[in-house]
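Number of protein chains: 2
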Amino acid sequence: MAKPIVGHLDAFFFEVCSEIRAGLQAAYGTANPFTLAISATGSGGMETAVANFVEPGSKFVVFANGFFCDRLTEMGKRHGATVVRCEKPWGETFTDEEAREVILREKPNTIAFVHAETSAGALNSGYAICAAAREVGALVIADCVTSLGAMPINIDEMGVDVAYSCSQKGMSCPPGLSPMTVSPRALEWLKTRQSPKDTWYFDLSLLADYFEGARRYHHTAPITSFYALYEALQSIEEEGLQNRFDRHHRNHLAFVAGVEAMGLTMHVAEGHRLWTLNTPRVPEGIDDLKVRQRLMAQHGIEIAGGFGPLAGKVFRIGLMGVLSTEADVLFLLEAFQAALEAEGFVSKGSGVEAARAVYAEAAVAA
Amino acid sequence: MAKPIVGHLDAFFFEVCSEIRAGLQAAYGTANPFTLAISATGSGGMETAVANFVEPGSKFVVFANGFFCDRLTEMGKRHGATVVRCEKPWGETFTDEEAREVILREKPNTIAFVHAETSAGALNSGYAICAAAREVGALVIADCVTSLGAMPINIDEMGVDVAYSCSQKGMSCPPGLSPMTVSPRALEWLKTRQSPKDTWYFDLSLLADYFEGARRYHHTAPITSFYALYEALQSIEEEGLQNRFDRHHRNHLAFVAGVEAMGLTMHVAEGHRLWTLNTPRVPEGIDDLKVRQRLMAQHGIEIAGGFGPLAGKVFRIGLMGVLSTEADVLFLLEAFQAALEAEGFVSKGSGVEAARAVYAEAAVAA
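Chain order of the listed sequences is A and B.
With our numbering, letter number 246 in the first sequence gets 242, and the count goes up by one each step, no holes.
With our numbering, letter number 335 in the second sequence gets 331, and the count goes up by one each step, no holes.
Keep in mind the hints are simulated off the structure, nothing from the lab.
Treat each hint with caution, since some may be false.
Pairs count within a copy or across copies, as identical chains cannot be separated in the list.
As the list claims (entries may be wrong) - 30 Å max Cα-Cα, derived DSBU-like pairs, lysine-lysine: (1) 55 <-> 103; (2) 344 <-> 55; (3) -1 <-> 286; (4) 344 <-> -1; (5) 309 <-> 55; (6) 286 <-> 55; (7) 344 <-> 103; (8) 344 <-> 187; (9) 286 <-> 309; (10) 73 <-> 344; (11) 84 <-> 187; (12) 55 <-> -1; (13) 103 <-> 187; (14) -1 <-> 187.
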């Protein structure tokens, strides 16, 4: 980011964008030519997706099992859609049959789901949603804010039309950009869209003219942030995308083994958990805020609490990007267990030992 | 920007925001408590201003004498307003009487003007506009993208309600943030706004909850870019705001004296010119593109051409922020004159000599 800044229409900038496109295509698992970064944070990417692909009066189904589904709902309403919510408690996920049933019944124009729900720690699969969406001709939007660069997304294999993410989680960049990918099918739809768009900054047709087509001035892209994203994607390529996914998976498994050995319960069912954001439940009688303050004061470790319906009920512990390492997991488990015990929790066993066993097993398997 | 990133709800981040507020208040010439940076580029700031302060069916008068007035017009339409344009050729400005006449006649709800119009090099004063706006109860939006941090703006003295800018021009930061200020009167209006907003990312009520009030999570602010803006404002304070304005003024006068001595004509009338963006006319028979390419190839100096109605008719030459120095002006004039002459222009005199005379006179006066 300390490199000299070039103009927003400089040929070098478009070379950087081209490299970013290739890196994001790999991370997203897509061949979509329209793959770029929006000059705003992840929430700006969300609004780009919603504002372009819902219309006044169109039906927008949101699979709602966490905070960011509520945000999608709110944006859908603001951009004039009739929003139908398919609801589950935060942390639970939809079965393939449930997803298919609601889509065939509602026959929406657009569908959104949150691939990696940060508020609850749950992974929502898009396979059944996208298959049913094809049957009714709906476009599918996926929020990949907490999965991109850390977990496989497989946009093309799932059949997702529009996906957005952020730069600061799995990508380990400073926040400020929203990596985005749009399918050719969705771009075709955009050309035939009936109503005018109520956004200018996030208008994908104008952005296509800037980044993909005529290179016509739209806004002054934050060049420095694009350099950061370029470097982040270079780091991913150097590590190897599969190695990076494996690393996040292994550290997640070790962390879960650790907290379960201590006697904690994970909020999300096995097989539906994010590798990036872990939500062990707060044990009965323990004040999560005190545990978190202790971790911060004594070790400078910042973990988050639950909020909304999960306030006081779960911890939200990020293991993503450069912070998902064996050393960090072991250090975190030791400090976390000590903080819990200092607040009155009686452990069943050693979190660090259980995690070490997972690493040892992984080393043997490798 | 290389400093460690803190969380978007970290107390330290809000301290940085508080320092940024104070610095921006000085640069804008305002006591508005609601003074902050929007997490998007200058065009995002423009959309924030328009999306919050026009409503479907409201009347929006745009003083249109350049490219960015057209963008304001387009945004006004997208957000549902009835736009009335008061037009002048690019580079000409409105008299106080013209401004007053159109406002009293149209009785708009909202008015926008571009304080510093980058496409033409013209400064539009807001005094008469704001006075007339008060008479009809209209809110006034000012685009200060090319004036903030380089020229006096005097938001409060003028009576502007909403102003936005960018980080990369007068502030000399990387692009990516839009410094903004909103008057208490405009915030009061926002509370009584009749129709729901069609934007979420740029909703000032939600942003107020994040930055000013409850510190409620809205989006993940691009912390690194806020650090940059903080440092830019520190630099301005170290130089002294008035010294900075004087520097830009002096270098502008020296540059104008130089190009006029060479035999060029300024496109904008004296007294209405930007100090930051200078638009000498392209002399008869000279191809501006060839001159610009020559400057770029031989000296790495990038100057812009006119576009729209001014395509091929003016050069657009930036002298802003860290690049507005005596050394840069003299180097630029020498290279510019040589490039013009190489393309067949016959100079009347030495640009560098005329500029030197201005600097000598300024030194005597000081």
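Violated hints - listed by number, lowest first: 2, 4, 5, 6, 7, 8, 10, 11, 12, 14
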